[in-house]
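A.B. asks: The primary structure of each chain is shown beneath.
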Amino acid sequence: MTLTIDRAGRAARSRPPARWWRSRKAQGWLYAAPTAVIVGVLFVAPLVLVVWMSLNRWPLLGSATFNAPDNYTKILDNPLFADAVVFTLKYTVLTTVLLSAVALGLALLVQDRRPGIGFFRTAFFLPGAVGFAAAALLFYGMLNNDFGPIDPMLQAIGLTREPVKWIGTPNMALFSTITLVIWRFAGFNMLILLTGLQAIPTEVYEAARSDGAGRRQIFTRITLPLLRPTLALMLILSVTGSLLAFDQFFVFTNGGPDNSTVSMVMVVYRDAFFRFDLGGAAAISVVLLAALVGLNAFLMRRLR
Amino acid sequence: MRRRLAGISLLGVLALTAAACGNGGEGGGTQAAAGPVTITMWTRAATQTQSERLVQEYNKTHKNQVKLTVIPTDNYQPRIAAAAGARQLPDVFAADVIFVPNYTSQGLFLDVTDRIAALPFKDKLAPSHMKLGTLDGRMYTLPHTLDLSVWFWNKDLYEKAGLDPEKGPKTLKEFAQQATAVQEKLGKDGKVHGTFFGGNCGGCYVFTFWPSVWAAGAQVMNDEGTQSLNDRPAMLEVFKIWRELYEKKATGPTAKEEQGPTWTGFFPKGEIGVMPMPSTTLGLMPKDMRIGVTPIAGPDGGESTFVGGDSIGIGSTTKNADAAWEFLSWTVGDQAQVEVMAKNKDVLARTDLASNKYSAEDPRVVLINSLVGKGRTPYALRFGQTYNDPQGPWLRYAREAVFGDPAKLPQLNAEITKSLQQ
Chain A
1 MTLTIDRAGR AARSRPPARW WRSRKAQGWL YAAPTAVIVG VLFVAPLVLV VWMSLNRWPL
61 LGSATFNAPD NYTKILDNPL FADAVVFTLK YTVLTTVLLS AVALGLALLV QDRRPGIGFF
121 RTAFFLPGAV GFAAAALLFY GMLNNDFGPI DPMLQAIGLT REPVKWIGTP NMALFSTITL
181 VIWRFAGFNM LILLTGLQAI PTEVYEAARS DGAGRRQIFT RITLPLLRPT LALMLILSVT
241 GSLLAFDQFF VFTNGGPDNS TVSMVMVVYR DAFFRFDLGG AAAISVVLLA ALVGLNAFLM
301 RRLR
Chain B
1 MRRRLAGISL LGVLALTAAA CGNGGEGGGT QAAAGPVTIT MWTRAATQTQ SERLVQEYNK
61 THKNQVKLTV IPTDNYQPRI AAAAGARQLP DVFAADVIFV PNYTSQGLFL DVTDRIAALP
121 FKDKLAPSHM KLGTLDGRMY TLPHTLDLSV WFWNKDLYEK AGLDPEKGPK TLKEFAQQAT
181 AVQEKLGKDG KVHGTFFGGN CGGCYVFTFW PSVWAAGAQV MNDEGTQSLN DRPAMLEVFK
241 IWRELYEKKA TGPTAKEEQG PTWTGFFPKG EIGVMPMPST TLGLMPKDMR IGVTPIAGPD
301 GGESTFVGGD SIGIGSTTKN ADAAWEFLSW TVGDQAQVEV MAKNKDVLAR TDLASNKYSA
361 EDPRVVLINS LVGKGRTPYA LRFGQTYNDP QGPWLRYARE AVFGDPAKLP QLNAEITKSL
421 QQ
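First to last, the sequence lines map onto chains A and B.
If you read the first sequence in full-length UniProt numbering, its first letter stands for residue 1, the second for the next number, and so on.
If you read the second sequence in full-length UniProt numbering, its first letter stands for residue 1, the second for the next number, and so on.
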């Protein structure tokens with residue numbers, strides 16, 4: 001009898017699981033499946049496609065031909081890309097430093113609850129609600145030498161005698177673009193920092209004050225160290241955004257004057273849509289992606 | 001219940017995925033049209049007016065309809081490329097004629113050789129446009145609009161500056177003298193300027209400067225469009241004359257920054273003495289403005305023009321090839337050419353209709369029509385990425401030549417050649 005039961009039990013176990021979906025493991029997989037499919041289709045598949053594209057000569061219409069690693073080797077021959085790397089890094093450093101400083105300044109200004117503070121917080125954040133391409137167009141219109149209102153105003157109050165070439169010289173084009181980016185993003189970053197500032201317990205400040213700490217000491221010894229995780233978040237957002245800069249240069253400066261404001265993504269765009277070299281553009285994208293992943297991993301580790 | 005939910009959601013996602021990945025079907029086919037068909041058409045802003053007039057007239061008089069989308073000129077090439085990559089090309093699209101060889105070689109246009117062969121006026125279609133639309137003996141496009149570069153001068157400003165308002169420049173040197181005279185006499189207020197050009201716009205340079213080189217009997221590229229000859233004396237002399245005009249501040253202070261979209265906007269306001277302009281702008285000038293038109297000349301004479309404009313073809317992914325062709329063949333027919341194009345002072349796509357009841361009314365139109373045979377449409381497979389793209393090598397070259405350091409020109413010219421061969 002025992003033997004029979006045992007046999008039957010073994011037989012049941014050795015059969016292919018008739019109701020495998022009843023096991024907890026299988027159910028777990030099933031629950032995760034919809035998300036997995038979405039992640040696969042929307043995130044992983046495009047990445048795989050871009051990597052596959054970068055290994056092929058990819059015409060606009062018609063079938064691709066495998067040509068690896070040509071698309072990667074010719075990146076090195078592209079002087080525009082080399083210049084774009086240098087320029088984008090320069091832009092990233094300048095933007096990140098200035099944007100962080102301005103955003104932190106604004107956050108400190110509107111940190112405490114006072115009558116009317118809501119107005120200032122809203123006013124600082126408002127540019128963040130403008131689309132970036134629209135903001136670039138707005139600046140283009142305002143600073144345009146032919147019809148922009150800024151030049152006549154500056155001349156009227158005697159600050160300048162001739163129209164300023166806002167996007168006419170490499171340095172001014174960079175300066176104007178950074179101004180645009182700060183105007184557009186300072187309020188948004190201020191908001192991030194503000195949440196960080198308000199998470200610092202007031203007791204810490206009170207204790208510091210009762211110990212006789214001055215304003216400067218409080219800022220450097222309490223506010224900044226406790227704000228570190230929030231600053232890290234802002235830094236990562238700013239660095240990533242700046243390295244992927246496109247709209248501001250595409251709409252505002254058009255890469256000019258004389259290719260002085262060509263960002264890395266603009267080179268990708270040019271290769272894909274002006275030179276119809278989709279494989280080459282994909283290769284640059286993959287390199288850019290790898291660099292970004294590496295940089296962000298480094299930043300996260302250092303700033304944690 | 002939970003299991004069922006999971007199953008349903010999984011099925012839903014799979015169905016969605018299948019739909020998203022599904023192929024839009026094979027392109028290029030012909031659909032038997034049961035009723036009126038609406039076809040889509042794209043055109044670039046530079047020749048928007050002509051396309052709009054044609055589409056409006058066609059829609060008024062035909063059952064089939066055309067839905068026109070106008071795209072900013074600078075963004076046109078990227079939009080076409082993106083649409084082609086997604087197999088979503090419009091049924092019909094016009095393109096700057098110089099980009100056509102690139103498009104045909106990429107297979108973006110449907111082969112219409114047999115359909116063109118059946119047209120009674122097939123040999124009278126604008127030859128330069130037809131040449132650029134032919135690849136390996138097969139034909140892909142029809143001429144859509146012709147846009148020639150010519151010199152416009154403002155007779156009122158000439159009179160005020162003490163110049164003969166009826167005598168436009170006959171050489172590039174005369175052009176420079178007259179522009180300088182307008183600048184010196186009338187430029188004090190900072191509004192009126194001798195001349196103007198798109199100094200930060202690659203396409204503007206080739207359209208307005210190259211005819212002076214051709215007029216001098218020289219070339220800018222070899223016939224295959226694979227070698228730049230822009231470092232030869234003829235081109236350098238043209239650059240030198242324009243450079244002097246800029247240095248004398250006769251070109252307006254913003255010429256150096258002008259990226260293209262607004263370069264033709266100053267002349268109609270009466271602010272410019274004399275400048276090269278697209279012939280299509282003649283029909284858009286203020287009615288009361290007294291304007292002279294003359295061919296572009298070389299430094300010491302001759303005359304030529306850049307025969308630009310658009311060609312039009314059927315997108316190779318279309319499902320409405322017959323309806324698309326019905327529209328295209330109508331646009332080059334007698335009625336559309338005379339009653340829509342000629343009536344509005346536009347250059348015609350057909351040489352046999354050059355003299356018509358409207359052209360005789362305006363000697364300027366007759367002059368522009370007569371230039372079609374003398375001008376050129378340069379051929380290069382890599383034209384767009386070399387000459388039109390703001391990040392291309394030509395714009396750097398031209399800007400160094402006019403505003404910067406001429407010592408850099410030999411090296412930059414080599415880069416133009418390299419780009420032409422890529």
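Everything labelled a hint here was simulated from the structure, so no lab data went into it.
Being a predicted model, the structure only gives us computed values, none of them experimental.
Hints are supplied without guarantee of correctness; some may be wrong.
Said to hold, decoys possible - Residues of chain B clear of chain A, computed beta-carbon distances all greater than 10 Å:
no., residue
1, 81
2, 111
3, 351
4, 361
5, 376
What the hints assert, rightly or not - Within a straight-line C-alpha distance of at most 25 Å, the following computed SDA-like cross-link-like pairs (lysine to any residue) qualify:
no., chain 1, residue 1, chain 2, residue 2
6, B, 418, A, 258
7, A, 165, B, 400
8, B, 256, A, 147
9, B, 248, A, 62
10, B, 248, B, 184
11, B, 269, B, 300
12, B, 256, B, 407
13, A, 165, B, 218
14, B, 188, A, 62
15, B, 188, A, 150
16, A, 165, B, 399
17, B, 191, A, 74
18, B, 191, A, 169
19, A, 165, B, 292
20, B, 191, A, 147
21, B, 188, A, 258
22, B, 188, A, 74
23, A, 165, B, 248
24, B, 319, A, 62
25, B, 191, B, 285
26, B, 191, A, 141
27, B, 249, A, 258
28, B, 256, A, 141
29, A, 165, B, 247
30, A, 74, B, 417
31, B, 256, A, 144
32, B, 418, B, 218
33, B, 249, A, 144
34, B, 191, A, 62
35, B, 269, A, 62
36, B, 191, B, 135
Said to hold, decoys possible - Covered by chain A, according to a simulated footprint, are these stretches of chain B (three or more residues, beta-carbon under 8 Å):
no., segment
37, 83-97
38, 252-258
Even glycine gets a Cβ: it sits at the ideal position worked out from N, Cα and C.
A.B. asks: Now look at each hint and say whether the structure bears it out.
C.D. replies: Checked hints:
With a cut of 10 Å on Cβ distances, residue 81 of chain B falls inside the contact zone with chain A, its closest approach being about 4 Å. With a closest Cβ-Cβ approach of about 13 Å to chain A, residue 111 of chain B is found to remain outside the 10 Å limit, as its non-interface label requires. Distance check for residue 351 of chain B against chain A: the nearest CB is about 33 Å away, which clears 10 Å, and the non-interface claim stands. Residue 361 of chain B, annotated as away from the interface, keeps every beta carbon of chain A farther than 10 Å; the closest lies near 35 Å.
Listed as a non-interface residue, residue 376 of chain B keeps its Cβ farther than 10 Å from every Cβ of chain A; the least gap is roughly 23 Å. Of the pairs offered as hints, the one joining residue 418 of chain B and residue 258 of chain A holds, with about 18 Å between alpha carbons and a cut-off of 25 Å not exceeded. For the hint linking residue 165 of chain A to residue 400 of chain B, the alpha-carbon distance of about 18 Å falls within 25 Å, and the restraint holds. Distance hint between residue 256 of chain B and residue 147 of chain A is fulfilled; the C-alpha atoms sit about 15 Å from each other, no more than 25 Å.
Between residue 248 of chain B and residue 62 of chain A, the direct Cα distance comes to roughly 53 Å. Violation of the 25 Å bound is thereby established for this hinted pair. Of the pairs offered as hints, the one joining residue 248 of chain B and residue 184 of chain B holds, with about 10 Å between alpha carbons and a cut-off of 25 Å not exceeded. Our distance criterion of 25 Å between C-alpha atoms is broken by residue 269 of chain B and residue 300 of chain B, whose separation comes to about 30 Å. With a C-alpha separation of about 19 Å, the suggested pairing of residue 256 of chain B with residue 407 of chain B holds against the 25 Å cut-off.
Restraint check for residue 165 of chain A and residue 218 of chain B: the C-alpha separation of about 36 Å exceeds 25 Å, so the hint is violated. Between residue 188 of chain B and residue 62 of chain A the CA atoms are separated by roughly 59 Å; this puts the pair beyond 25 Å, and the hint is violated. Proposed proximity of residue 188 of chain B and residue 150 of chain A is supported: the alpha carbons are some 22 Å apart, at most 25 Å. Among the hinted pairs, residue 165 of chain A with residue 399 of chain B is consistent with the structure: their alpha-carbon atoms are about 16 Å apart, no more than 25 Å.
For the suggested pair residue 191 of chain B and residue 74 of chain A, the alpha carbons sit about 48 Å apart, so the restraint of at most 25 Å is broken. Of the supplied pair hints, the one linking residue 191 of chain B and residue 169 of chain A holds, its CA atoms being roughly 23 Å apart against a limit of 25 Å. Proximity of residue 165 of chain A to residue 292 of chain B is assessed by CA-CA distance (about 33 Å); at most 25 Å being required, the pair is judged violated. For the proposed pair residue 191 of chain B and residue 147 of chain A, the alpha carbon gap of about 12 Å is at most 25 Å, so the pair holds.
With a C-alpha separation of about 30 Å, the suggested pairing of residue 188 of chain B with residue 258 of chain A is violated against the 25 Å cut-off. As the CA atoms of residue 188 of chain B and residue 74 of chain A are separated by approximately 52 Å, the hinted pair breaks the 25 Å bound. As the CA atoms of residue 165 of chain A and residue 248 of chain B are separated by approximately 19 Å, the hinted pair is consistent with the 25 Å bound. Our distance criterion of 25 Å between C-alpha atoms is met by residue 319 of chain B and residue 62 of chain A, whose separation comes to about 17 Å.
This hinted pair checks out: residue 191 of chain B and residue 285 of chain B have alpha carbons roughly 19 Å apart, not beyond 25 Å. Under the criterion of a C-alpha separation no larger than 25 Å, the hint pairing residue 191 of chain B with residue 141 of chain A is consistent with the structure, at around 19 Å. Restraint check for residue 249 of chain B and residue 258 of chain A: the C-alpha separation of about 21 Å stays at or below 25 Å, so the hint holds. Only pairs whose Cα atoms come within 25 Å are accepted, and residue 256 of chain B paired with residue 141 of chain A is accepted, the gap being roughly 17 Å.
For the hint linking residue 165 of chain A to residue 247 of chain B, the alpha-carbon distance of about 17 Å falls within 25 Å, and the restraint holds. For the hint linking residue 74 of chain A to residue 417 of chain B, the alpha-carbon distance of about 17 Å falls within 25 Å, and the restraint holds. Restraint check for residue 256 of chain B and residue 144 of chain A: the C-alpha separation of about 13 Å stays at or below 25 Å, so the hint holds. Restraint check for residue 418 of chain B and residue 218 of chain B: satisfied, since their Cα atoms lie roughly 21 Å apart, inside the 25 Å limit.
The hinted pair formed by residue 249 of chain B and residue 144 of chain A meets the criterion: a straight-line CA distance of about 19 Å does not exceed 25 Å. The straight-line distance between the Cα atoms of residue 191 of chain B and residue 62 of chain A is roughly 53 Å, outside the 25 Å bound, and the hint therefore fails. Annotation: proposed proximity of residue 269 of chain B to residue 62 of chain A is violated, straight-line Cα distance about 48 Å (limit 25 Å). Distance restraint check for residue 191 of chain B and residue 135 of chain B: the Cα-Cα separation of roughly 48 Å exceeds the 25 Å cut-off, and the hinted pair is therefore not satisfied.
Remark: the segment 83-97 of chain B is confirmed as covered by chain A, as 3 of its residues place a Cβ nearer than 8 Å to a Cβ of that chain, reaching the required three. Evaluation of the coverage hint for the segment 252-258 of chain B: fulfilled, as 4 residues show C-beta separations to chain A shorter than 8 Å, against a requirement of three.
Of the numbered hints given earlier, the model fails hints 1, 9, 11, 13, 14, 17, 19, 21, 22, 34, 35 and 36; all others are met.
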